[in-house]
Structures are given as C-alpha cells and as structure tokens.
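J.: The listed protein sequences derive, respectively, from chains A and B. Each residue of the first sequence is one higher than the one before, counting from 1 in the numbering used here. Each residue of the second sequence is one higher than the one before, counting from 1 in the numbering used here.
Because the hints were derived from the structure by calculation, they are not lab data. One should not assume that every hint holds.
As the list claims (entries may be wrong) - Residues on chain A that point at chain B, a partial pick, calculated with CB under 8 Å:
1) V13
2) Q15
3) R93
4) L98
5) Q106
6) V140
7) L146
8) G164
9) R444
10) S445
Stated by the list, open to error - Listed next, the in silico SDA-like pairs over lysine to any residue satisfying Cα-Cα at most 25 Å (straight line):
11) B:K4 x A:K71
12) A:K257 x B:Q29
13) A:K71 x B:D37
14) A:K232 x B:K54
15) B:K54 x A:A229
16) A:K142 x A:K71
17) A:K71 x B:P40
18) A:K71 x B:E53
19) A:K118 x B:E53
20) B:K54 x A:S127
What the hints assert, rightly or not - Chain B is faced by these chain A residues, among others (derived, beta-carbon under 8 Å):
21) L10
22) A89
23) A99
24) R110
25) D423
26) Q427
Quantities reported herein were computed from a predicted structural model and do not represent experimental measurements. Even glycine gets a Cβ: it sits at the ideal position worked out from N, Cα and C.
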Amino acid sequence: MKISNALSKLPGVAQAAVVMATELNRRVLSEAGFADAVIGQASTSDMVVAVEAADGASLDSAFAEMEKMLKPSEKKPGEASPPTSLDEAVERRPDSNLAFISVPGQFAKREAMRALSKGMDVFLFSSNVTREEEVELKAVSKEKGLLLMGPDCGTSIINHKVLGFGNTIRAGTIGIVSASGTGLQEVSTLVHKAGLGITQAIGTGGSDLSEEVGGITMIQGLDLLEADAATKVIVLISKPPGPRTMQKILSVAAGSKKPVVVNFLGGEVTAPKGSGLRMAGTLEEAASIACELAGAKHVSAELPSEILSQARVANERLSVSQKYVRGLFSGGTLCYESQVILRDLLGEVYSNAPLNPTYMVQGEAPSKGHCCIDMGSEEFVEGRPHPMIDFSLRNIRVLQEAKDAETAVVLLDVELGFGSNDDPAGQLSPAIGKAMDFAKGAGRSLTVVASVIGTDGDAQGLAKQEEVLRKAGVLILPSNAQATRIAALIAKGNAVLPKMAGVG
Amino acid sequence: MPGKSSILTETLVVVNIGVSTFADDLRTQNVDVVQVDWRPPAGGDVEMMKLLEKLGT
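Pulled out of the complex, with its shape left as it was, chain A reads as follows:
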C-alpha cells in the first residue's frame, strides 16, 4: 500500500496498484482499466504491479521508484546491523518490556512464547493463530502474570501510546478492556468527543471471550485497571461471549470496587442482582454511561435537529423503489452495532456477518434488503490491505449500491488515527460524488450518511475530514449509532420515530 500510494503521487502517473493477484484483486484491477492477459494468468501467490501513466518516461520512472522501494534500505556507515531475533533485540535493550508481533500467523506463537519466557508483555497483531495455540499461550501468560493482547488484536492504548490502529485520546479516568478493535476506537473517541479521557485501553483479541479461552486477557485487564489508581471507571466491550465465559466475566466485574460498564453488543445480558454493573446496549451507550460515571455533566445522545430535518427532506425525496439502508463498513464491530440498531428500527438486516445466520449474504454478492457489509472480513482482505487503508473496494461498492434502484441510503464508517489511510475523506469523496450523480441521472436522490471515528489529535484531523465529506454532500453524525438511526429515518421516514428515544 505504501508503494501504491508513493507511485500514485509521481508526476504523470494516473493510478497505481501493488497487490497480490487474488481473484478479487484481479477483478478490481480489471474494473480499474487494467485488463491484461498477463494479469489473468497470475496466481494468488504472484504480486501484480499495475501503473497507468501519461507516457513511457513516467512509466519508467514509476518502475524505477518501485525497484528502489522494494530494495532493503542500505546501512549507513557505522550503523550496527539490525537484530535478527527477539533474543538479540533484548540483548541490545535489556529494558524491553513489550513484544509487538505481526509476523504471519503460523510463526506467531513461536515468537510470542519466546517473549513471554523473557517476562515481556505481548501485543499479538497476527491473525490466523489457532484457538489451541491461543489457549496454550494464554495459559503461560496467566501463569506468569503477563498480558497477552491478541491474537488478532488491532488496537490498544497503553500509557497513552497507541499500539496498532487507534486514535489520540486525552488522558482521563476511564479505563477500557475490549475484545473488539473498532469497538475500542468508537468508545474511546466518543469519550474524547465528550470532553473526557482515558487511562488505558487494553485490547484482548477477538476470540479471548470464546469458551475455549474463557476471557483470560479480559479478566487480567480488569484486574490491572482495578489496581490502577488513576482509573475511576471501567468499561468492558465485546460481541456476545459464550454463556459460561459471560457469567465468569460478569462475576469478576461485579466484584470490582469501581463502577463497571459492560457492553456485550446485542447480547441478552442481565446484570447479576445487586452487582451495580451498568449494562449498555450499544457502543455509544457504553461511552455515554462511562462519561456520566466519570463526572460529565450531560452527555447528549439526541440527534442534532438540523440533521433531523435534512433526513426528513431526504426521505420525502425518495422514489417509490428506494426502500433500503445499505451499510458498507470497514469496522467489524460498527457493522455489528448498526445491525443491532437497525433490527430494532426496521426489522431484520442481511449481512456477511449477520446477527442471525438466517440473514447471511456473501460479502461480494449484491446487497439484499436492509444490508450491512463488513468489508474488513476475510473474503475482502486476502492479499490486499484492510479497508481502513485501501478504499478501492469500498469505493466500487458505493457506486454499486447507487446503481441499485432499491437503495435509499448508504451508511459508512470512516476511521482516522494511527494505521489508517492518510486522507480517508479524500479517498471516499470522489466515489460518493459519482454515486450521487449516477442516482440523480437515474431520477433518484441518494443520501450518504457517515460517522468519523477520530479526534482532533489524530494526524488526519477530525474537523478537516468531516468538512471534506460534508462538501461531498455526506450527512455527518458524531457516532456510528446516530448515523445508523439517521439512515433508518431516511429510509423509513417518521414511522421509525416512536422507536427512537430522544427524538422530537
């Protein structure tokens, strides 16, 4: 992706892509105008470099630049060679206390085990680590009292330093433990937007709350925040865990001397009697309860009145055929949160990661009914960067939804911060413009609604990104939950109002 971006910015280069030649990527290349027999013959283990340039000289300089970027950086005179193993790295810095591991999954356990044996905490970004390996690793981390965040852990904020994908959040008194990366990003940025801040945000990896693993990291995280004097309020975030693990987590949380907010998104969860645990149905609600407990005077979950009237106008302009909300997400947990909200407001929702397996659709198949697609799922990321970095698939899909006469509104999430694209709004805006123009040409009015998960401290700048999207005609809401409610209102009109709290 780094190479694609660098090549795209060269003079005379119209577009460039450096991707693995998976079936999906070959199709995307062909849609982008790179229809070539050689690409057709490439296999999934081949890398394709595709460059569209104004002339031969620009093409040559693009390829020269690529060669330079692919070559390992040369050592400066007097500079020591980099360590080739964890052992060597620790010899150089005996005070190392965290191993950040992102090697391919089949090699990840080996590296993580070595780090644990040296008494280091581990942030394990790698995916494709088996459940058995995770159980084995966490048995060791638990025994040694070390924290193993992962596998498949995208985000943590430790001592105000972002590990992996995450946002710049001010210091405060709210501590978070989360099995979901984008769930952590949404709650932490909402806390920041409300004027408050966090102490720590500990990612556990997505399968920590499976029955096999039993929430080892979440319980360790909870204990650490319990012992941390700066943390006054604790928030736990996960998709619904298995029943035994859920009981275990709730019982540990109920024993905390600090207020604990629990969000098991979409799960039917009742707090143990007399426990004082605060249960939240959505990420937004979790953030808002946590802020209240941390002393915020008033956290408004009300939809802004100006946007409400814009949504009503958008609803009135719909053609008879335009009935459905189409959500295209790069954050898996935001896709899940939107389904929870839309199911309440509009009925069942189709998805490639559905709440109810009956409503499963393949991610690459055309949308059906109200539909939320997680574009960060396995089928979309094989051999190409995550949609938070590479917008090409989402841009194609936005246009596809615009061409469907049944689409009333497109719902998007846009993530800022470390790890994300340098200019997500700039990537999305041209595609949104094209989609709206297409719908207009077909006699329809298409609305795009989005929330930007970010803060004023992020390098991309929250206000700047929101402004670019607004200029492209997008309705911007401060949270994914609110954007989802507005999307439902646009698709269904005032009929959804009785189900929407706080809307007049």
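Since the structure of chain A is already known, use the hints to place chain B on it.
T.: Chain B alone, transformed into the frame defined by chain A:
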C-alpha cells in the same frame, strides 16, 4: 493480577517483530523501539520449524 506485567506502570520499550510501519508509528509517539529484521525460521517450512523446536534448537 497482581503479577509481573509492567507496561502499565513503566515506560514502554518495544521490540517490533514484523511490519515496520508499526515501529514508525510508535517512534512518532516517542516510544523506543527495536526493530527485528525477521525472517521465517527454517526457510518458512512450518513442519521443519516445529521439528527443530522439539529438538531444542
């Protein structure tokens, strides 16, 4: 836990094994990082790697 985990109370010093952009992002935040020039063990042969592990090499 209480246990030996130290990252919440001490300054982070990171060993990065894998994608180097993660190290770049950490350095931007003034975190000390040692980047490992990692290569797959046993030339990327997973079975051979497991065998070598068993032999303790």
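J.: Determine for every hint whether it applies to the structure shown.
T.: Evaluation of the provided hints:
{"no.": "1", "hint": "V13", "verdict": "22 Å, violated"}
{"no.": "2", "hint": "Q15", "verdict": "22 Å, violated"}
{"no.": "3", "hint": "R93", "verdict": "5 Å, holds"}
{"no.": "4", "hint": "L98", "verdict": "5 Å, holds"}
{"no.": "5", "hint": "Q106", "verdict": "5 Å, holds"}
{"no.": "6", "hint": "V140", "verdict": "12 Å, violated"}
{"no.": "7", "hint": "L146", "verdict": "5 Å, holds"}
{"no.": "8", "hint": "G164", "verdict": "7 Å, holds"}
{"no.": "9", "hint": "R444", "verdict": "41 Å, violated"}
{"no.": "10", "hint": "S445", "verdict": "41 Å, violated"}
{"no.": "11", "hint": "B:K4 x A:K71", "verdict": "41 Å, violated"}
{"no.": "12", "hint": "A:K257 x B:Q29", "verdict": "33 Å, violated"}
{"no.": "13", "hint": "A:K71 x B:D37", "verdict": "14 Å, holds"}
{"no.": "14", "hint": "A:K232 x B:K54", "verdict": "47 Å, violated"}
{"no.": "15", "hint": "B:K54 x A:A229", "verdict": "44 Å, violated"}
{"no.": "16", "hint": "A:K142 x A:K71", "verdict": "41 Å, violated"}
{"no.": "17", "hint": "A:K71 x B:P40", "verdict": "18 Å, holds"}
{"no.": "18", "hint": "A:K71 x B:E53", "verdict": "31 Å, violated"}
{"no.": "19", "hint": "A:K118 x B:E53", "verdict": "17 Å, holds"}
{"no.": "20", "hint": "B:K54 x A:S127", "verdict": "24 Å, holds"}
{"no.": "21", "hint": "L10", "verdict": "20 Å, violated"}
{"no.": "22", "hint": "A89", "verdict": "4 Å, holds"}
{"no.": "23", "hint": "A99", "verdict": "5 Å, holds"}
{"no.": "24", "hint": "R110", "verdict": "7 Å, holds"}
{"no.": "25", "hint": "D423", "verdict": "16 Å, violated"}
{"no.": "26", "hint": "Q427", "verdict": "18 Å, violated"}
Hints 1, 2, 6, 9, 10, 11, 12, 14, 15, 16, 18, 21, 25, 26 from the earlier list are contradicted by this structure; the remaining hints agree with it.
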